[in-house]
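Based on the hints, put chains Y, E and C in the right spot on chain A.
Respectively, the protein sequence lines represent chains A, Y, E and C. Under this note's numbering, the letters of the first sequence match residues 30 to 360, in that order. Under this note's numbering, the letters of the second sequence match residues 30 to 360, in that order. Under this note's numbering, the letters of the third sequence match residues 30 to 360, in that order. Under this note's numbering, the letters of the fourth sequence match residues 30 to 360, in that order.
The set of hints was computed from the structure by calculation and includes no laboratory data. This structure is a prediction, so every number in the text was calculated from the model and none was measured. It is possible that some hints are incorrect.
All copies of an identical chain are treated as equivalent in the list; a pair is satisfied when it fits inside any one copy or across any two copies.
Stated by the list, open to error - Straight-line Cα separation of at most 27 Å, DSSO-like style, residue types lysine-lysine; simulated pairs:
1) K208 with K130
2) K121 with K250
3) K74 with K121
4) K325 with K246
5) K325 with K74
6) K83 with K250
7) K250 with K199
8) K246 with K208
9) K325 with K103
10) K74 with K103
11) K325 with K105
12) K220 with K74
13) K246 with K199
14) K84 with K250
15) K325 with K220
There are 4 protein chains.
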Amino acid sequence: MRKEKNISPRTDLAIEAREIVQEQDEKESSLDGIEVTEDQGAEYKLTRVHITTKKGSHTMGKPVGTYVTIEAQKLKENDVECHERLIGVLAKELAELANLKRHDTVLVIGLGNWNITPDALGPKVVSKVLVTRHLQEALPDTIMETVRPVAAISPGVMGITGMETGEIVKGIVDRLRPKLLIAIDALAARKTSRINATIQLSDTGLAPGAGVGNQRKMLNKETLGIPVIAIGVPTVVDAATLVNDTMDCMLREMKVQAEKNSPFYEMLRAMEHEEKYGLITELLHPYMENMFVTPKEVDAVVDRLAGIIANAVNIAMHPGISMADINRYQS
Amino acid sequence: MRKEKNISPRTDLAIEAREIVQEQDEKESSLDGIEVTEDQGAEYKLTRVHITTKKGSHTMGKPVGTYVTIEAQKLKENDVECHERLIGVLAKELAELANLKRHDTVLVIGLGNWNITPDALGPKVVSKVLVTRHLQEALPDTIMETVRPVAAISPGVMGITGMETGEIVKGIVDRLRPKLLIAIDALAARKTSRINATIQLSDTGLAPGAGVGNQRKMLNKETLGIPVIAIGVPTVVDAATLVNDTMDCMLREMKVQAEKNSPFYEMLRAMEHEEKYGLITELLHPYMENMFVTPKEVDAVVDRLAGIIANAVNIAMHPGISMADINRYQS
Amino acid sequence: MRKEKNISPRTDLAIEAREIVQEQDEKESSLDGIEVTEDQGAEYKLTRVHITTKKGSHTMGKPVGTYVTIEAQKLKENDVECHERLIGVLAKELAELANLKRHDTVLVIGLGNWNITPDALGPKVVSKVLVTRHLQEALPDTIMETVRPVAAISPGVMGITGMETGEIVKGIVDRLRPKLLIAIDALAARKTSRINATIQLSDTGLAPGAGVGNQRKMLNKETLGIPVIAIGVPTVVDAATLVNDTMDCMLREMKVQAEKNSPFYEMLRAMEHEEKYGLITELLHPYMENMFVTPKEVDAVVDRLAGIIANAVNIAMHPGISMADINRYQS
Amino acid sequence: MRKEKNISPRTDLAIEAREIVQEQDEKESSLDGIEVTEDQGAEYKLTRVHITTKKGSHTMGKPVGTYVTIEAQKLKENDVECHERLIGVLAKELAELANLKRHDTVLVIGLGNWNITPDALGPKVVSKVLVTRHLQEALPDTIMETVRPVAAISPGVMGITGMETGEIVKGIVDRLRPKLLIAIDALAARKTSRINATIQLSDTGLAPGAGVGNQRKMLNKETLGIPVIAIGVPTVVDAATLVNDTMDCMLREMKVQAEKNSPFYEMLRAMEHEEKYGLITELLHPYMENMFVTPKEVDAVVDRLAGIIANAVNIAMHPGISMADINRYQS
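One chain only, chain A, in its complex shape (with noise of 0.2 Å):
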């Protein structure tokens, strides 16, 4: 879980961004250098974010590349038939975006603090990846053509270890010599409704402070030498953004009752260009400024989506692994 001081309700989404954008700005020009393809399902939608120039990073504020969301309300729900779907899903995208030769090793990051539940879905993740480089010289030939080379650790947060944590992904990949990073985290959202609802896959790296002068290090092709994917999944938002959410409920329910061309109209929609997100924010600092919203059942529903992420993972990564194989290979 990535913060920042910032007074835009602040996204790790593409979706999100574009979204923003939008708002914004309604002039067609804006999206130059970003295509969109949706792909509406019974159950999920899936969108796929191009960025492919300069111009239109700089309009999202994230990098060149590939952005994947599949977004089901049916995530937050035990609803094991509907996940098992999902999970054939996110494996197929997955598999795609890593390009993979026959025997190249992954690493498998799993970010965030795992004592605080929401931030564990990528140490969750990692504790149910099927780890096996280790096992290369112990397994006979025929066995380990059934599986690629894994290896996977969770570093914990600079909090924990005293340590920034791209440095310690950094000195473990300089010895280890992957081929690909998987990095796994859970993602800052703007829209309550999305939270645990929307997985993101992306392959240009993780750029926690992208555009606000974060000091950390990224994790990417050029700090790291090799290709990063991202996964993640929005699983909580800060209170100015609940709050921020509220108030446009209230204020589009007002507008429809005002009579248009009235003072108050003109009020409402003034402040809805003002730093409304802003004032929220400072109205909430300084005793709110750690509070977070999360639903009751948080512990439940990380769980199953590091469930859902991990197996897909594994069928991704491992020719030998199935759709029949899924929560097999999970301790």
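Chains Y, E and C in isolation, oriented as in the chain A frame:
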């Protein structure tokens, strides 16, 4: 954590119930049957609310009896020395309310769901209370003189057991026949600033659904046949309370800036008297119904609060345990 | 996990009690009142011991009734498919022993200490049992037709609660009035090879201290007024049993090599009949009194065993749950 | 917890290695290159073993260097006051071995598997160590003067990560460039009585497979380029060690009673010199290969040991932390 479908911000705290009464009705007679004394220390504020008559009970929506509240922002922080002083204050208040004879047996009940961090306060306290009732025959008299017979259990919540908690407690009380029940629970508050910063003791039992027709079995002298002391801490607020608190701040801010007697000021004033909380709740429903607001470090804070309460219970109950033994009898 | 001060290796397993009887006395009449049928499958061995008379009960040191044992070394391993077949076998035996009417309420009790991994079997099963009793009024009849009213609780051990477990259970049973109690517990065995490889079902209740004067309250039809089915797995052996088992192996080895009728052979033979186990226990005392022997991966094994038993309970109890639903109703 | 396939009882403790040397060879010259000083206090025994030459290293099967052992049966018990005194002793020895300059950075590594209680000592210590390295820029100089830059991580075991632990540590050390590595690990001992009652400090690094051809990467000055202090506690013995210990007791007992010069006595004597341990291991194999012996309350004991070591590390490392701060900086 007891919840209800109610459109006014629900509170388990007598001090908040009184604030609401005062806000709604400024006549002095409105507080008939309610006596309040306050004691403002450097580190904490101690408030005693005595509801002395049926009228007072009806006004407050709480049973006749005594409610002692300790408020201290430091309860949230990791301030070992301040917490030791608060343990002393709490132990003294508890011993007074309990008013036990030397060899009276006490049963401590930890209410709430141990799988949901902010609801796990009661079970955590129970795990730290020094349990001695089963040692009565094994230990020599000289040692037994230093301890009171104390039993303790966390029965779980109805969603876990399939049984009304009150039924389980009643069954155990009927067989064990203790002289006092001490019940520990997480509470609902209506001010975000009170989360994890307030401990309430009361001698009126627990009345989960008082006034809103909730059918849950009460734990009090009428239902159990023995006195019941409730110890509680508000550990979360619901999302609607957070939004409400924030909007109150915003309105206050805007009122300061708006010209008095302008139509806008009037609208804001009017809005305060409308069912703002109800409107918010309606808007948040359905997708935020299960959202709650909690501090990031809730696990650590609830652990520390459980330690404070358990130490106070141990000192108040056992003649041989004093302030010098803090943390010594916790596993 | 029930323990006793006893110099002969203590067993909760009827199949082991019978082995001891056979070892000590080779006359056929010694097994009067004890009927045994065995069913050796490819993956497991199913043994039914019926103690039919008082004489049989006295010989075996166990109450009159039925004891069904499933033995399978694969219970220790992570063999998902074999475990699914064993769930089916267990569910069938349990349904038969339970012999319930369609709407009878069942209470499931998880005995043992959740803080000690090998003693946590009962509480772990309870956390995975589908609890439905509290839904009777909330759910539509068509759904309720598919489930039986089931309640469940793990009362904890006396060292944690200060109360005799039997007292707590009696208190709850008296208020809830279920038609059947199912109690799950870790057992003591006298063969190291049976650890985590044996499940015993019995309809005789739990008789923790039968025959050794232990005063603990029994959980059976006499004390509770309802039938009691016990489900148990031996999860540890004490250190003395391990030493004893090993020395038996050594003696057998040495006997093979020693000439018959030599004084040495005689000594070894004699030694077997002496109180070897008692001697070992004495030697191990005091510094090894609290030592127990357990497999390295005990956490994972107990988790899987709990899953097997909980699935079997769910299938045996709820008409609408079948083998196709394995793991689906576990949190 | 490092294990090996070896038929002689394996020990990580220098004091046990010396006992073995003394048992096997009573000549004085056998201890050439090994200096031992002992300090018997009322509550604990402090032994310093210095291996000063290659010959001594070969005799002991351990690298040249210093091994400090604190033995105290009270380490197993819940004796807060004694533990505080032992923290003081341990902190003093650690500070001396570490011999750091004022601002040297230290990396603390918790070895072992957090999923297996007796192997979780290292990770538990790490979770209680005060980590400060990341605060160097954020905090004012006056506060930073009271703390040393300390980082800490628990990398997990190879079965979990797929990577050699030494590789991970090497990668991190190469990037972080600390001046000292402190590695905490559970150890193997060959006497059941030493379980959880002994803490060993050494400045020789960790040599998991010394002498038995184990290929695991060592953590020492040669491999990492910085000094390594290892802190360890034996938390389990394997089943064979338990049986061996018990049989030694039995033989001693029987020798006392047997007439000297009888053939039986001769046999017992002979047996001692045979590969008794090897025989036991063989007999226990295969079904007990993975069994280990541990005290019932192992969770609580390992927690307390971790607290003792973490407090000692905090006091030895940070100039501003003293005995008055025990437990204050642990989460």
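Structure-based check of all given hints:
Taking identical chains as interchangeable, the C-alpha atoms of K208 and K130 lie at most 27 Å apart only when both belong to the same chain, with a minimum of 9 Å there against 40 Å between chains. Taking the shortest alpha-carbon separations for K121 and K250, only the intra-copy value of 22 Å comes in at or below 27 Å, while the best inter-copy value is 46 Å. Within a single copy, K74 and K121 get their C-alpha atoms as close as 15 Å, which meets the 27 Å cut-off; across copies the closest is 43 Å, which misses it. Proximity of K325 to K246 under the C-alpha cut-off of 27 Å is restricted to the inter-copy arrangement: shortest distance 23 Å between copies versus 33 Å within a copy.
For the homomeric pair K325 and K74, the shortest alpha-carbon distance inside one copy (25 Å) is at most 27 Å, but the shortest distance between copies (31 Å) is not. Taking CA atoms no more than 27 Å apart as the test, K83 paired with K250 passes inside one copy only; the shortest distance there is 17 Å, against 48 Å between copies. In the homo-oligomer, the alpha carbons of K250 and K199 lie at most 27 Å apart both inside one protomer (11 Å) and across protomers (22 Å), since each shortest distance falls under that limit. Taking identical chains as interchangeable, the C-alpha atoms of K246 and K208 lie at most 27 Å apart whether they share a chain (20 Å) or sit on different chains (23 Å).
In this assembly of identical chains, the alpha carbons of K325 and K103 lie at most 27 Å apart whether taken from the same copy (16 Å) or from different copies (26 Å). For the identical chains of this complex, K74 and K103 are intra-copy neighbours only, at 11 Å inside a copy versus 42 Å across copies, given an alpha-carbon limit of 27 Å. For a Cα distance limit of 27 Å, the shortest separation of K325 from K105 qualifies both inside one copy, at 12 Å, and across copies, at 21 Å. For a Cα distance limit of 27 Å, the shortest separation of K220 from K74 inside one copy, 16 Å, qualifies, whereas the shortest one across copies, 38 Å, does not.
For a Cα distance limit of 27 Å, the shortest separation of K246 from K199 qualifies both inside one copy, at 10 Å, and across copies, at 20 Å. In this assembly of identical chains, K84 and K250 lie within 27 Å of each other by CA distance solely inside one copy; the values are 20 Å within and 51 Å between copies. Taking the shortest alpha-carbon separations for K325 and K220, both the intra-copy value of 17 Å and the inter-copy value of 19 Å come in at or below 27 Å.
Consistency note: the structure conflicts with none of the earlier hints.
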